[in-house]
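Spelled out, the chains give:
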Amino acid sequence: MASRGQPVSRVGTARFAQFKLVLLGESAVGKSSIVLRFVKDQFDSYRESTIGAAFLTQTISLDDHTTVKFEIWDTAGQERYKSLAPMYYRNANCAVVVYDITQASSLDKAKQWVKELQRQANENIIIALAGNKLDLVTEQPDKRAITTADAEAYSREAGLLFFETSAKTAENVRELFTSIAKKLPLDQAGPRNPRSGGRGGVELRPEAPGTQTGGACQC
Amino acid sequence: MDDIAPEYDVVVLGTGLTECVLSGVLSVKGKKVLHIDRNDHYGGEAASVNIETLFKKYGNFNKGEEPWKKYGRVNDWNIDLVPKLLMSSGELTNILVSTDVTRYLEFKQVAGSYVQQGAGSKATVAKVPSDAGEALRSSLMGIFEKRRMKSFIEWVGTFNGADSASHKGLSMGACTMKDVYDKFGLEPGTRDFIGHAMALYQTDDYITEKGGAPTAIERIRLYGNSVSRYGKSPYIYPLYGLGELPQGFARLSAIYGGTYMLNTTVDEFEYDGSKVAGIKATMEDRGGDAPMKFSTKCKKIIADPSYFPGKVQVTGQLLKAICILNHPLVGTDNSDSVQLIIPQSQVGRKHDIYIAVVSSAHSVCPKGYYIAIVSTIAETTANHHLELAPGFERLGRIEEKFMGPPTPLYSPLESGVNDNIFISKSYDATSHFETTTDDVRDIYRRAEGHDLVVEGLREGTNLVGDE
Chain A
1 MASRGQPVSR VGTARFAQFK LVLLGESAVG KSSIVLRFVK DQFDSYREST IGAAFLTQTI
61 SLDDHTTVKF EIWDTAGQER YKSLAPMYYR NANCAVVVYD ITQASSLDKA KQWVKELQRQ
121 ANENIIIALA GNKLDLVTEQ PDKRAITTAD AEAYSREAGL LFFETSAKTA ENVRELFTSI
181 AKKLPLDQAG PRNPRSGGRG GVELRPEAPG TQTGGACQC
Chain B
1 MDDIAPEYDV VVLGTGLTEC VLSGVLSVKG KKVLHIDRND HYGGEAASVN IETLFKKYGN
61 FNKGEEPWKK YGRVNDWNID LVPKLLMSSG ELTNILVSTD VTRYLEFKQV AGSYVQQGAG
121 SKATVAKVPS DAGEALRSSL MGIFEKRRMK SFIEWVGTFN GADSASHKGL SMGACTMKDV
181 YDKFGLEPGT RDFIGHAMAL YQTDDYITEK GGAPTAIERI RLYGNSVSRY GKSPYIYPLY
241 GLGELPQGFA RLSAIYGGTY MLNTTVDEFE YDGSKVAGIK ATMEDRGGDA PMKFSTKCKK
301 IIADPSYFPG KVQVTGQLLK AICILNHPLV GTDNSDSVQL IIPQSQVGRK HDIYIAVVSS
361 AHSVCPKGYY IAIVSTIAET TANHHLELAP GFERLGRIEE KFMGPPTPLY SPLESGVNDN
421 IFISKSYDAT SHFETTTDDV RDIYRRAEGH DLVVEGLREG TNLVGDE
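Order-wise, the sequence lines are chains A and B. Each residue of the first sequence is one higher than the last, beginning at 1 in UniProt numbering. Each residue of the second sequence is one higher than the last, beginning at 1 in UniProt numbering.
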């Protein structure tokens, strides 16, 4: 609880900034697997859809005195029938749009999600395109359905960061998130949630039994 | 598109707050939930809409005009369709905290709670005291009345329904709230603001209800506890509007395996004898693909009233006008948000008029604007504008006013035990969500056969991954 919604803070010369990152892409392209690899360095070939968490967090150090914390939101399956809520996009600083390089249609779906992001999210959102399941084509090159050049050309045109990744082997997963972190506006970065303090918000906590006060930060 | 399960424990229809809270808690408790809405957005009647959508919903502009364009970016507006606020110590707050849905939301206090005294040119607006200090400075009472009020409030704090020694010699099972007020010698004006601005009764019926005093005392306490939780007023409000609440609970449900389908209409309900057994439905595709037809079995259906027009009755008509202002309300210390209650007795009505104001401080509109909703229960079949007039007088200059015909308030004809179709009530005229959470609990009890316990729902679950 103590870690959420921290603003950019400076301790000495150290910088710490937190950003909301949302995942998008067709079902079964490996959205959750990429995050699981990044956050827990795990991979499970048989995992069922969605992470089952409100969000996961992971911190990366860009250099000795710059730390970026990602608060990563999974779609929780709500993308399957195009039922993601506006809340999902709200105040997202960055997005990873995932497709499967062995499924031709998944890049088309990814392009639709990029459009949806441009419609629903902040204007200055950083978007990265990730062509996942690179391990499959390393083993069997004929499985590839989308060439690197095509996806790269699209990304350049649409102003997206681009990586081909493998959640299974971890190839390019860390690089993907690091390159997003480097592109984020660290200096002006607002936290996702100013919450209590910042804008006079209140933090809801369980009411302590037998008291009528509460409200004050108990951390 | 082919992985809709052949059977669900519960199909939920409509993504209003009541339905989404139920979906969320049922999913956390391991039920397999399919949640459908015919609209392309979450929230149903409890949605917050942008200003273009609002103009189009009410149609109050000439063809070819685009009046919303003068109000800045359309998506900077999140305008509630129901005029409600959250009680800080209320049950919805408790459910939000117990389910950790607070992770997706940010709340701010509502700056003040006000009450009108008098009418017409003699009307004055006073802050409802939020603590003893404010009570002593309040213009609502004279000096002797303040003392009587103080002893009444102290007594409310120590009142214990089970301990007759705390009942001041009154027989709580038989006496009325009038008897209690008489005991403390409170003046009519004081009774008015206690009953309407603190206990939040909309009519005076409670005063003469035999055995009703403990409920009234409980409501005054809820008010007091809510005020003391964060100060200023008893209310809090979510940034970006009330429409965030159903979305938050829908996400909770989805995380626990709930399946969500917007843009989906139910074509047919299937029954097994008298009990519902499944649905046939069609999901429209906004992307231009062909609609998807599907059917699935279910044990129960939970729905808002609009999905079963033949199984509900109209219990009242809510009048409301959504007003866009570019200034705060006069007499409210330039507050960025307020609730203002005009008690019925002050303006010769049977039902109170409520005004709820929020502003850019709550990320519901661009800077400089205020959204005020004036509402009451209809007492006439015409002249609805006139019924709300005392409220409009408090607003001053109004930039835009959106007022449709009265909104019917529905409630189910049956409990649902016969057909396993459990229908919610409409969002009523009260200023908060306490009756909504009562309905949530009531539906849960009818549908599941036991009481809903939200405390401890988080335990054993891990909604946030470890770092």
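Watch out, some of these pointers could steer you wrong.
As the list claims (entries may be wrong) - Chain A stretches covered by chain B per the calculated footprint, using a threshold of three residues with CB under 8 Å from any CB of chain B:
1. 59 to 67
2. 158 to 167
Said to hold, decoys possible - Covered, in the sense of this in silico footprint (three residues per stretch, anywhere, with C-beta under 8 Å from a C-beta of chain A), are these stretches of chain B:
3. 93 to 100
4. 104 to 110
5. 261 to 268
6. 431 to 442
Rather than coming from a laboratory, the hints here were simulated on the basis of the structure. All C-beta atoms in this analysis are idealised placements derived from N, C-alpha and C, irrespective of residue type, glycine included.
Flag every earlier hint the structure violates by its number, smallest first. Numbers 1, 2 and 6, in rising order.
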